[in-house]
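**Q** Let's have the full structure, built from the sequences with the hints guiding it.
Sequence order for the protein chains is A and B.
In short: position in the first sequence from 1, add 5, done, that's this note's numbering.
In short: position in the second sequence from 1, add 5, done, that's this note's numbering.
Treat the hints loosely; a few may be bogus.
[Stated by the list, open to error] Simulated crosslink set (DSS-like; lysine-lysine; CA at most 27 Å straight-line): (1) A:K9 - B:K209; (2) A:K45 - A:K212; (3) B:K114 - B:K209; (4) B:K212 - B:K222; (5) A:K253 - A:K212; (6) B:K114 - A:K209.
[To be verified] Covered, in the sense of this in silico footprint (three residues per stretch, anywhere, with C-beta under 8 Å from a C-beta of chain B), are these stretches of chain A: (7) 91-101; (8) 107-117; (9) 195-206; (10) 214-221; (11) 277-286.
[As the list claims (entries may be wrong)] Only some residues are given here: those of chain A computed to face chain B with a beta carbon under 7 Å: (12) A68; (13) R71; (14) G72; (15) P104; (16) L157; (17) H210; (18) W211; (19) T292.
Since the hints were derived computationally from the structure, they do not count as laboratory data.
Just so it is clear, CB atoms sit at the ideal spot from N, CA and C, and this is done for glycine as well.
Protein chains: 2
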Amino acid sequence: MTPKSQKHWNGDASTLLRATGGFRLDRVDADASPGYGRRKRDAVADLVAGADELSELQERLYASARGGTSEASVLLILQAMDTAGKGGIVRHVVGSVDPQGVQLTAFKKPTPEELAHDFLWRVRPQAPAPGMIGVFDRSHYEDVLIGKVRSLAPEEEIERRYGAIVDFEKELTDAGTHIVKVMLHISAHEQRDRLMDRLDRPDKHWKYNPDDVDERKLWPDYMKAYQSVFERTSTANAPWYVVPANHKWYARLAVQSLLLNALLEIDPRWPAASFDVAAERERLRAT
Amino acid sequence: MTPKSQKHWNGDASTLLRATGGFRLDRVDADASPGYGRRKRDAVADLVAGADELSELQERLYASARGGTSEASVLLILQAMDTAGKGGIVRHVVGSVDPQGVQLTAFKKPTPEELAHDFLWRVRPQAPAPGMIGVFDRSHYEDVLIGKVRSLAPEEEIERRYGAIVDFEKELTDAGTHIVKVMLHISAHEQRDRLMDRLDRPDKHWKYNPDDVDERKLWPDYMKAYQSVFERTSTANAPWYVVPANHKWYARLAVQSLLLNALLEIDPRWPAASFDVAAERERLRAT
Numbered sequence: 006m007t008p009k010s011q012k013h014w015n016g017d018a019s020t021l022l023r024a025t026g027g028f029r030l031d032r033v034d035a036d037a038s039p040g041y042g043r044r045k046r047d048a049v050a051d052l053v054a055g056a057d058e059l060s061e062l063q064e065r066l067y068a069s070a071r072g073g074t075s076e077a078s079v080l081l082i083l084q085a086m087d088t089a090g091k092g093g094i095v096r097h098v099v100g101s102v103d104p105q106g107v108q109l110t111a112f113k114k115p116t117p118e119e120l121a122h123d124f125l126w127r128v129r130p131q132a133p134a135p136g137m138i139g140v141f142d143r144s145h146y147e148d149v150l151i152g153k154v155r156s157l158a159p160e161e162e163i164e165r166r167y168g169a170i171v172d173f174e175k176e177l178t179d180a181g182t183h184i185v186k187v188m189l190h191i192s193a194h195e196q197r198d199r200l201m202d203r204l205d206r207p208d209k210h211w212k213y214n215p216d217d218v219d220e221r222k223l224w225p226d227y228m229k230a231y232q233s234v235f236e237r238t239s240t241a242n243a244p245w246y247v248v249p250a251n252h253k254w255y256a257r258l259a260v261q262s263l264l265l266n267a268l269l270e271i272d273p274r275w276p277a278a279s280f281d282v283a284a285e286r287e288r289l290r291a292t
Numbered sequence: 006m007t008p009k010s011q012k013h014w015n016g017d018a019s020t021l022l023r024a025t026g027g028f029r030l031d032r033v034d035a036d037a038s039p040g041y042g043r044r045k046r047d048a049v050a051d052l053v054a055g056a057d058e059l060s061e062l063q064e065r066l067y068a069s070a071r072g073g074t075s076e077a078s079v080l081l082i083l084q085a086m087d088t089a090g091k092g093g094i095v096r097h098v099v100g101s102v103d104p105q106g107v108q109l110t111a112f113k114k115p116t117p118e119e120l121a122h123d124f125l126w127r128v129r130p131q132a133p134a135p136g137m138i139g140v141f142d143r144s145h146y147e148d149v150l151i152g153k154v155r156s157l158a159p160e161e162e163i164e165r166r167y168g169a170i171v172d173f174e175k176e177l178t179d180a181g182t183h184i185v186k187v188m189l190h191i192s193a194h195e196q197r198d199r200l201m202d203r204l205d206r207p208d209k210h211w212k213y214n215p216d217d218v219d220e221r222k223l224w225p226d227y228m229k230a231y232q233s234v235f236e237r238t239s240t241a242n243a244p245w246y247v248v249p250a251n252h253k254w255y256a257r258l259a260v261q262s263l264l265l266n267a268l269l270e271i272d273p274r275w276p277a278a279s280f281d282v283a284a285e286r287e288r289l290r291a292t
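**A** Below you can see the structure in the form of structure tokens.
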């Protein structure tokens, strides 16, 4: 099924961006806009149209859980190098639906308490409730990304985690959660421009962290770690999508499209009344 | 200070809607639009302009807390009879700012565990962190509203709670939280129309609850309980605002205006860089 708002696409984002089979991150052009034949100006209008559609589907999803007719939920997992635009996705894509239907979790550097537990300990309680759209801004994947690149855990433990993640996500999808895993992919050059912009603007200084430059120096290691993530954890029930993100307008449109597809797959319905409508009309009239 | 977006107001919402002194709820006209001389069409445009202003102020608030220059936060408390439009405020007013800066809590009927504790036990942990806009969809006021009307607690306990609420809110404001307490005020007639609309539309059935009619029968008791709330808990540091809400466009504009005023009072500033900008530019260029 194709979302009505996607008339300018000449392909399905879920197919075009899926990182399965012989996927190679180093062959992805971060400047590209696969499947979308138009330009920025059209993309802005299409994003607005898609927001309306997403908003209605979200309300149906929420209603169907409240009405007890469905246990379905959506979980959007966002991973990316710094400045790739996770915040913009949350603001401009997720932000277009009713905040009452969204469970947003930003995973920061683990606390000592969190480190004392298994890496999934802090993640499990944040899984979305039925009817909700959960969003992970960073996630358990940090534990096999920075965890691997910075050797924060022994190699065997990193290996174990790939399997643990696949099992965990299988549990979630079995319970009715549609998982949409997105890596926003920018080029190293684009990241330098964006970091420089933060340094040039006093209203962006608060977003700049000197550690970002240290991480940036490990760019090739991070790309290798992402490649391993795709090879080890991109499953049929929870595939990875790699979204070229040098153009913010494309990344937003593409993630919106992936969310629309997930919701159309769920196809949530308005629940039937659990009460006698005619009788309630009478009761209400009498007040 | 007047928000730029409020050029069509002929008075300050914070002054006009404040429930202090000899305030009498039974004298409020739910159809009125105090301070706003225009009609629905202008209100829609003004709401968009206000959303941009609110959005920028919210980002500054968030940044100032992240930068360690301020501990300030905002807490919007929403109370109302059913169908008065709390959800619409969350969707159309709060929903216009970055979801990453919002902490939304919907207080439902207390669980047995919650009932085993003091009434503020479940509320305290939901107070907004520095830099955040907290929103309570219902709140501790339920414990002196339905709590009083339905005699869910002894009279002495209800009496004690007014004082406990005043103390609790004083703690919050002393710690830098600007509290905006809003009662959305609709007429009983308007509520009947809105409930009837939910019965007439299958896509709204899920929002209808037969209990709403039972509560509706106690309308005069609820109005008395609200009147007591205003008399006992509308303090200088945390005043109540009663917003006529028969016109949704007015209620949204008015609550937006109250939030804008709270943020302008905080006047959050972009934090200064905690690093050497020139040195970071060099480091970044070298990568």
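**Q** Which of the listed hints are broken here?
**A** Failing hints, ascending: 6 and 16.
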